[in-house]
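Enquirer: Given next are the chains, with one letter for each unit.
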Amino acid sequence: MDNVLPKSLQDNPELGRWISLDAPGVVGIRSGKVELGQGILTALAQIAADELAVDPALVALAPCDTDRSPDEGITAGSQSVEVSGASIRMAAAQARAALLDAAAVRLGVDTAGLSCRGGSILLDGAPTGLDLWSLAPDVDWRQPVSGNVPVRSVGAYSAVGASHPRIDMAPKRGGAGFIHDLALPGLLHARVVRQPFRLARLAHVDDAWLQRRHPGITVLRKNDFLALAGPDEYGVHAAHAEADRFTTWEEVPGLWRPAETAGEKVIRLGAATPSVGTGGIDVRYSRAHVAHASIGPSCALARFDAGRLTVWSHSQGIFPLRAQIAGCLGLQPSAVRVIHAHGAGCYGHNGADDAALDAAIVALELPGRPVRIMWSREDELSRGPLGAAMSTGIEAGIDAAGRVASWRLSVLSEPHAQRPGFGGHVNLSSAEALDSTRLPGKVEDLPDAAGGGAARNAVAIYDFPDQQVTVRLDTRSRIRTSSLRSLGAHLNVFAIESAMDELADLAGADPLDFRLRHLKDERCRAVLQGAAEMSGWPGSQPAGEGRALGIAAARYKNKGAWLAAVAEVSVDEEVRLERLWLCVDVGLVINPQGALSQIEGGAIQAASWTLKEEVKVEDDRVPAFDWSAYPILKFSELPEIETRFIVDPTRPPLGAGEASQGPVAAAIGNAASRALGLRMRDLPLTRERLVEALMSA
Amino acid sequence: MSSSIAFQLNGSAAQVDDAGDEPLLFVLRNRLDLKATHFGCGLEQCGACVVSVDGQARYSCTLPMSALAGAEVTTPEALRDDPVGVALLEAFEAEQAGQCGYCISGILMRIHALFKTERRPGRAAILAALDKHLCRCGAHGSILRAVERAAARLGGEA
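Line by line, the protein sequences are chains H and R. For the first sequence, the UniProt record's numbering begins at 1 and goes up steadily by one. For the second sequence, the UniProt record's numbering begins at 1 and goes up steadily by one.
Simulated from the structure, these hints should not be mistaken for lab results. Fair warning: this is a prediction, and the values are worked out from it, not measured in the lab. All the given hints hold, so there is nothing to weed out.
No farther apart than 25 Å at their CA atoms in a straight line, the calculated lysine-lysine pairs in the BS3-like style are these: (1) R:K132 to H:K634; (2) H:K7 to H:K559; (3) H:K612 to R:K132.
Covered, in the sense of this in silico footprint (three residues per stretch, anywhere, with C-beta under 8 Å from a C-beta of chain R), are these stretches of chain H: (4) 177 to 188; (5) 231 to 238; (6) 371 to 383; (7) 596 to 608.
Where is the CB? At the ideal position from N, CA and C, for every residue including glycine.
This is chain R alone, in the form it adopts within the complex (with noise of 0.2 Å):
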């Protein structure tokens, strides 16, 4: 059985054939070399995975490809292509946000999908937000002041 799924991969036009129930996570650090997506549990529990999926963060490490015919997939390395994740982007880099690293890109993920949503997101929504990720290094507070650096970037230019 063959089958071929085609689907927007940051901005451009993307198909992986007999991907069938394999995660997204596993598809674009294997057949399509995108590896700052991290695997840390495979459980929607620590959002070291997320990425963007249609405007909304979602966990890769559970989501089949069979479900994303059509979608439209932002990965961490099309970050640096939009205003909002570069003022993101600028902002972990000022605040020198995290230690080891290996969470920021899902955060990063999650954070610019809620300022597409939330154009000055208070700080009771970004720890709403934030909370759906596990950091172990204790960078939370770094973590935190380089998201409310951004929004409080790009609340002031809307």
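One chain only, chain H, in its complex shape (with noise of 0.2 Å):
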């Protein structure tokens, strides 16, 4: 048995803090884990279902709230199954475990007889009476989960494994089941005139122009934070879409300074001494920012009272931002609560724990009054974090016997760990308006342990004999960049992979055939070989014709899900992607629908990163904009999709959401390529990058 605690056991050990029988006939569990359109709180219920035995139906989720649940830090990394699923289950395996121990205690009897089915103790199998609610007051819920319990082995699993249906989309699918949807008395509504640059001084606001035009509006202004409320959403919503017309905004120079970073990180496996090359490549892969783009605008709510502040938001990390709102408002963290609501899809860091700051500083103005904030479309695309710009570079030889002799891969990337909090920075976006020294002063690339960020699939999964990656930040750029799902492996992936084609290329070797050549890795080279067989691969299409397969594979983090993908594109004017073949590997599959839900949901949105999204920067800016200059893939554009699941339940699970990002990009930069008869190495595949490639050519 496995006695490695997971760490938020070890750092929330009360049993009590996960899982309570208060309320008859549900099983409440807390996770710190949060909901953001992933379908978490569906598995986290089945997987405390099977643990006590009782249908997926009578689990219920408890809003994640900083004054009750677990702390388990960010839900981010495709760790939630992984952490918080095994809490859970050790948490509710000792839970039953002691309510047996109190059955024995109230019928005299010996533990091994009696078992729990549907909440019901049943003595070899009758029923007792008592029930797993009847026996809560008998339990000492302080204990700490101690990971001795033995959980249930895979063959006694009923709900995990199933297609549970998701538990929380009723409400929204009909219903208020957003946070946008909180309708608590007296709200005020707020919006804040954000700063168009990175330390924008607010130079000036035309007080009387706008209670002309819009009378009645409350304006709160604090040094560069400008925020406009009143109890009509409509009103606020329409002066502050005028904003241009009452503010004056102005650069102050010499204010912005670059955040440090540490030098270059190097990475070296494989000691042997690189032998002579027969053929090589040596060129850089890169990607443009790409905005979150989430269709729901980032909102919180907040109310100040007797002291005690509230806060509303769908953060990631409710936890983290608590500290940070306190720190920045001049609070105890004990008087500031953050209760998890749930927002519109959250792909990573986006603006939600924004929103949740710019609520709090309205509140603590208009102690008494619940205040909610909502990011206009403008807002939200063009000034949360966006996701880094980056480019990786690699120089690589292969030797007379067609193998890769010698490997040297480079990173060059944005930061894509700016959370609140990281790096004892505050980084919030109003923190900065109301005092411009919080602007972070070191910056550093996420550790190994959690993934690394810039460093993210940096390494190949490949045998080289001879392998060298080097990463570095780069922090020249003012532009605030953060996590978006996948963080550095989408263009790590896409370049590696893409190299390995190049180089299957001079080998003149077939780019399954030469991959599989330089992998041992087992469930790799199974994923390969399951997408290719789905695939057809290699297909009959000749090269440079317009119509072409690509290929590859990665393992998520190089420690997660495995997953290989063939896309078929055709390019004339532009490049579309017409079918996908995804083979995966995530072990223990809890809920199969769900699973599939983030594998194609994840290529789906790769797909409309690596052919379509690109942020506009001019100098150094970001110019605010709107769908209309940031188009993502249409339902018309929509792929065919076939994926396959490699299923092994004894394996543990792994998570899924951010397993596709790299491969499917890779894939469908190779299929391009080959239909082309030239290399795309720059993402997006735009048609202006087509056009730039053919004139390169």
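Reconstruct the complex from the two isolated chains, following the hints.
Expert: Below you can see the structure in the form of structure tokens.
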């Protein structure tokens, strides 16, 4: 048995933090992980249901709340099933054992004959009249979860492995299921006029004009923070939409300074002296800034009452957010409570945390009144943190046997990890508007233990005799960048898998064969062979004639899920993704439909990034933009997708949300390059890039 | 200046005072407590706010109340009151369509209006309707399957 406790249990050992049986007939579960649209609550309910032998419908996941929930940090990195799922499984197993012990005492029998099913306690399979809830008062809920109570064996699962429908969707389709819909009495609506660029100084607010045009709007200004508030949302919304007409912003020369960063990080694998190559490549691949582009704008509510601030947020990390809000506003963390409420789809560190601080600032100015902040569409796209622009260079050679002899990969990337509190910095937009000295002074990449940020998947999965990787952060730009789904893995896998195709061409080898000859990882071989078989690899299209297949694979973070993709694209005036075959290994699948949604959803989003998405930057600033300047994949551009899971329930479950981004991007790139007969190395693969590639060929 | 606009809302008489050019979306959400219609962009670009007005799919984020006197407005809350709406909701549940769900209510209203004019729309008509909506989660496949499932069921009953 595995005695290593997940970090979440080390940090939150008390059994009662995780499980409560206070409400009859309901198994209350508290997780520190939050629903982001990924379906995690349903998966966690299934896990708890199996350990306690109840129907998942009896399991209720309580909203994540800094006053009540276990602190599990941030919901990110595809860790929720692995870490929170494992924690809930151990806690539920221990609760079951404790409840059966209590039943044994009440009945004066040995626990060996006791079991539970559907909430009832059975003795030798017969009802005892006792149930989980009647026994709950007999259990010491303060006991630490030890991890020593055996969890159920895989064969005993009934909820896990089934496609249980999402427990949170009904109100989201036709009710009031989102944070945007919370209706607190006496609500004030507010909008923040955001700085048009980092550290912009608010030189002038034409109050007279604003009051003439939008009478009754409350204006709150603190340094470069400007908010409008009032009871009528449309009035505030309309005034905010005209902010350009009553605000003047200016640049303060010398105020901006790039953050310091550690020097180059070097990773060296394989000690072999590079053999003399017979051919090679020395090329760079790049990705532009990508926007999170959630369909629902960031939203938050806050109320300051009797010295205590309550904030409702769709943040990925309510505990770190609480600490930064408190620090920023001069409050004790214990005076701040953050409650999670469901937002629209979240794919990383977007504007959610910023909006929470916005609401908190306004609420503090207007005590006793609940305040609701919502961002505009333009702000949602352009003023939250962006996915980092980066480039990855590869210099590699092959030997006479057609094997990679040397491999040098170098990443130069903007920061992927500037969440609230990271590196000791506030990292919230309005914190910088209140006080420009809150700019981060030093920025580092995510540590290897967290899978790296710029370094994520920079190490190739292949068995090269000599592999050297260098990673350097680029902090010269003032554009705020942070974690977007899969972080550096999107471009790093694109680069590695593009280079493998380029080297296969030099070696005169089939791209699949070339990969397999460098690959010992059995599970990676299996997904590659699976995707190849599904797609009829290598297909019959001759290269350079406008239609082709491309293949790619990776293991997410080099320690998570394996995924191989084959893409079929056609190229005329633009690159069109026609079909996609995905073969994936996430170990035990908790909810097949949920896992499929995460894999295919991730693939479609990655296709959109790869084919279409680029935030236009001018003079180191991001001009505000809306959907017209940032098209994403449309329904009519949807490829046919076929997905196969390699299922082995005896293997631990792995997160599915970020497995597909890198391989899908690379498979599309490889297919497009093969269809064109020339290599496309810069993302996105838009019509403009296509023309550039053709012109320089 | 005071004015009052009377219209039909989800089958009942409704009245809103002093709304002027306030868009229907804000009126629904804040004055009538109907929250299933979402703000996405305010620019008629994403479709999150689509409702049915006189049987047509309309962007409520820009549609002024002043244009709605006597109109018949249907919001997602009323889908369960009508057989086409029920067929759609059941198909979306059966296919577990959507991921975060924010785009879904607008899509349901668009397709509801489509089904009123075409008993069994083909894929091209469905895609043309769905192309007026943005989904960021990549749930396009499950949404398309759900719409086609509902279309098959409704068409089969015709």
